[in-house]
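Sequences and hints are given; from them, build the entire structure.
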Amino acid sequence: MTVFHPRALLAAGMTLLATAAGAQTTLGNAQMVSVTGHCGRLLVGERDLTAACSTKVVNVSYPDARVSFYFLLSDGTVVSFSGMDGENPTPDTDVIHLDKVLMTRKDTPDAPDVFPARGTCGFGNPMKGPMTIACEGTFSEGGTFSASFTTDGSPPM
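Numbering (mature numbering (1 follows the signal peptide of the UniProt record, and there is no 0)), first residue to last: -23 to -1, 1 to 134.
By construction, these hints were calculated from the structure, which means they are not laboratory data.
Keep in mind that a hint or two might mislead.
Claimed, not checked - Label-pair restraints from in silico Cβ distances:
id, residue 1, residue 2, range
1, THR85, PRO107, 34 to 40 Å
2, SER131, GLY99, 17 to 23 Å
3, THR109, ALA28, 16 to 22 Å
4, LYS105, SER31, 21 to 27 Å
5, PRO86, GLY5, 18 to 24 Å
6, THR121, HIS15, 20 to 26 Å
Just so you know, even glycine gets a beta-carbon here, dropped at the ideal spot from N, CA and C.
Shown next, in the form of structure tokens:
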């Protein structure tokens, strides 16, 4: 899997979800979009990173059906929830079956920590107004994670 440097994600000013084809940016074979809004929760194991969440989440869809949500933090680090695209529960909602959580590090920004995990991210269609991205699950080595981000209703840029 390709992991993009967090500065590249920020500098590109990209924007969220495959349903917003006109707003997508292509980087290699991946499609990226982002949304703006409010981070309601970002818990990774014992760490509560909610206060450090920015007002943007980036979504990357890879050609092999892998999808990742990148939660950008104020200190420049990134928490990513990654897994395979699942069946759409409804025409305007989708689910990702997570198999890993990645966290960038200040000391090795190009080599994120990768944590095997099981869980899901569910989300709605950002073209239909405010929607929430909600991720939760467990790490293979123990502990849990959860995240939520509600868009401000603006279409992906």
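Report task. Identify every previously stated hint that the structure contradicts and give their numbers, smallest first. Result -> No hint contradicted; all consistent.
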